[in-house]
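J.: Kindly produce the complete structure, drawing on both the sequences and the hints.
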Amino acid sequence: MTAILTNLFDGVAYGMLLFVLACGLAVTLGLMNFVNLAHGAFAMAGGYVCMVLVNRMGWPFFAALPLAFVSSAAIGIALERTLYRHLYTRSHLDQVLFTIGLTFMSVAAVDYIQGSSRVFINLPAALQGQFDLFGVGIGRYRLMIIVICGLLTIALQMVLAKTRFGSRLRAAVDDPRAASGLGINVPQVFAFTFAFGCGLAGLGGALSAEILGLDPYFPLKFMIYFLIVVTVGGSSSITGPFLASLLLGIGDVAGKYYVPKMGPFVIYTMMIVILIWRPNGLFGRTAAR
Amino acid sequence: MSAASDVGHHAQRQARWHYGEIAFWLVVLACGFAFPSRYLIMTDILRLALFAMSLDLILGYAGIVSLGHAAFFGVGAYAAGLLALHGIVKEPVLALIVAGLAAMVLGFATSFLVIRGVDLTRLMVTLGIALLLEALAERFSNITGGTDGLQGIEMQPIFGEIPFDMFGKAGFFYSLAVLFLLFLFARRVVHSPFGLSLRAIKNNPLRAAAIGIPVNRRLIAIYTLAAFYAGIAGALFTQTTAIASLDVFSMERSADLMLVLVIGGTGYLYGGLIGAVIFRMLQELFSTITPQYWQFWIGLVLVVIVLVGRQRLHRWVLYVPNLIIRQIAGRKAIVAVPESDS
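Here the protein sequences come in this chain order: A and B.
Mapping of the first sequence onto the numbering used here: position 148 corresponds to residue 148, and the numbering continues sequentially without gaps.
Mapping of the second sequence onto the numbering used here: position 119 corresponds to residue 408, and the numbering continues sequentially without gaps.
These are calculated hints, taken from the structure and not from any lab test.
Fair warning: this is a prediction, and the values are worked out from it, not measured in the lab.
Ideal Cβ placement from N, Cα and C applies to all residues, glycine included.
Just to be clear, a hint being listed does not mean it is correct.
[Claimed, not checked] Facing chain A, from chain B, some residues (calculated, C-beta under 8 angstroms):
{"id": "1", "residue": "404"}
{"id": "2", "residue": "408"}
{"id": "3", "residue": "413"}
{"id": "4", "residue": "428"}
{"id": "5", "residue": "446"}
{"id": "6", "residue": "589"}
[What the hints assert, rightly or not] Computed far set for chain B versus chain A, every beta-carbon distance over 10 angstroms:
{"id": "7", "residue": "354"}
{"id": "8", "residue": "459"}
{"id": "9", "residue": "485"}
{"id": "10", "residue": "557"}
{"id": "11", "residue": "581"}
{"id": "12", "residue": "587"}
{"id": "13", "residue": "614"}
{"id": "14", "residue": "615"}
T.: In structure tokens form, the structure reads like this:
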């Protein structure tokens with residue numbers, strides 16, 4: 001029983017992490033209909049920034065996390081303004097080729113700068129180890145992830161639903177032409193959202209170094225996971241990807257624990273079945289228009 | 290002349306063999322005799338060309354974006370390896386066909402998944418299938434050899450007559466023959482009414498359905514055929530290198546393949562062939578400059594190609610040949626990439 005609960009806990013932490021990593025992609029892929037396979041590269045950038053700050057320059061971990069966010073967002077907005085912008089109206093094939101190219105470049109570049117081995121971020125002592133809660137082993141680090149990611153999710157939901165920017169974004173997504181007719185600066189809204197999504201990915205990358213492992217092949221290894229979250233979750237709301245991430249996280253942890261021989265098999269089968277059953281995602285109205 | 294016969298006439302003229310095409314194949318054959326020390330890399334190019342041609346059939350002609358074409362390549366590769374290793378089918382040509390058929394069966398089975406949904410779903414499903422197969426191959430390591438791959442494959446002589454030599458001469462001409470035969474068949478297919486209907490589907494599936502083309506059935510047919518081609522390419526890989534490892538399924542292979550096709554141009558069969566040559570040259574060049582980081586430059590090439598625009602790029606590339614043709618033949622350019630954006 002306690003083993004199940006511990007697994008569930010780990011699964012939830014893993015799922016939350018996936019959500020923070022992938023929710024930026026939900027915006028670009030689902031809402032802006034741009035196939036961004038390079039999303040993992042932004043996550044990796046954040047992770048490496050955090051690693052350099054903490055390990056080499058001795059920053060405290062919690063101070064480095066916001067900087068991971070900021071640096072990834074900065075890279076995101078720079079690329080959006082210079083390169084991505086030209087590709088919004090192109091065919092999906094062009095977008096796929098372009099972003100795969102970017103991914104390859106990022107992999108090789110990080111390999112060149114930091115070496116190809118897996119890196120670890122030195123965690124403060126307060127985050128290491130685990131404690132027992134009614135007999136259930138709870139990892140401190142994972143608990144922190146759940147807290148941070150949970151707060152972020154609530155904040156995102158509030159921003160989308162309550163603020164002026166949120167309604168602008170929803171308007172721009174629903175009908176870009178009508179939105180710009182109403183005086184909403186659609187490209188600006190998209191650029192800002194893109195940067196924010198990249199920032200979240202960077203934060204997720206910094207947090208995931210401990211759990212998913214951070215090496216130059218990160219963007220390629222986890223690309224499929226991000227895509228699963230978005231396509232399965234749909235993109236009509238933030239709840240879809242969130243539930244999909246939790247499902248994926250719990251399913252993956254449970255799969256690896258109970259049927260280790262099947263490996264990642266379970267996840268891929270689940271994804272294909274869901275996509276066949278509901279091509280627009282489990283919770284989505286339209287995954288792509 | 291009525292519109293229908295006009296279209297037929299135009300299609301027939303397109304389907305005729307040009308001098309340029311004959312010259313192309315003669316050059317390829319001549320390469321086989323001109324560079325006897327480079328058989329291995331030339332065989333590699335031929336394999337890649339066949340694989341790219343297979344992707345062109347579905348991407349360039351039918352407009353299906355696939356990120357998991359390596360799945361069929363891998364199935365072909367492992368099928369050929371297992372057939373040779375366990376001595377089930379000893380004769381290479383026969384084994385090649387059997388391996389191709391194995392991939393074809395998989396292609397047929399998965400085509401039903403692929404024809405559903407939009408580009409994005411297709412992308413995911415094809416990628417998922419390739420990853421699934423990779424995971425399977427890793428899981429059933431007692432059959433596939435796991436991460437070590439299939440080892441100790443010994444190929445029997447082709448037709449029981451021509452043995453594979455260590456310089457790869459037999460392998461090269463064998464691959465060339467296979468490529469040429471399959472090319473002839475693909476050429477016939479894409480210039481047939483069937484091929485024309487595929488282009489119609491690619492341009493506008495809804496309109497194609499409205500004029501009575503059975504869209505789904507056509508897509509299933511071409512996807513299955515492309516899977517067969519990819520399977521053959523994979524089998525050639527195993528037969529000429531005598532090894533099959535897990536990386537035949539890898540996503541990088543599918544991505545590289547897209548680059549090959551994009552360099553050469555989609556929607557005409559020579560695109561894959563020319564792209565394969567250029568891609569391999571680039572790869573050689575980059576890996577001599579930076580052995581470890583050639584992927585960076587490959588990525589850069591992709592990014593630049595997309596930013597410049599594929600069609601514009603092809604106009605530039607064809608500018609000089611067309612200029613020469615115009616000077617010599619004194620007529621309008623005949624070399625062009627008949628490419629519409631997918």
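J.: If a hint holds in the structure, say so; if it doesn't, say that too.
T.: Results of checking the hints against the structure:
1. 404: violated, 11 angstroms
2. 408: Because about 4 angstroms separates residue 408(B) from the closest Cβ in chain A, which is inside the 8 angstroms limit, the hint holds.
3. 413: holds, 5 angstroms
4. 428: Status holds, d = 6 angstroms.
5. 446: Constraint on residue 446(B) not satisfied, violated at 39 angstroms.
6. 589: This interface hint holds because 6 angstroms falls under the 8 angstroms limit.
7. 354: Check fails; 5 angstroms does not lie beyond 10 angstroms.
8. 459: holds, 35 angstroms
9. 485: holds, 21 angstroms
10. 557: Holds, because the least Cβ-Cβ distance between residue 557(B) and chain A comes to about 16 angstroms, which exceeds 10 angstroms.
11. 581: violated, 7 angstroms
12. 587: violated, 6 angstroms
13. 614: Check passes; 29 angstroms lies beyond 10 angstroms.
14. 615: holds, 31 angstroms
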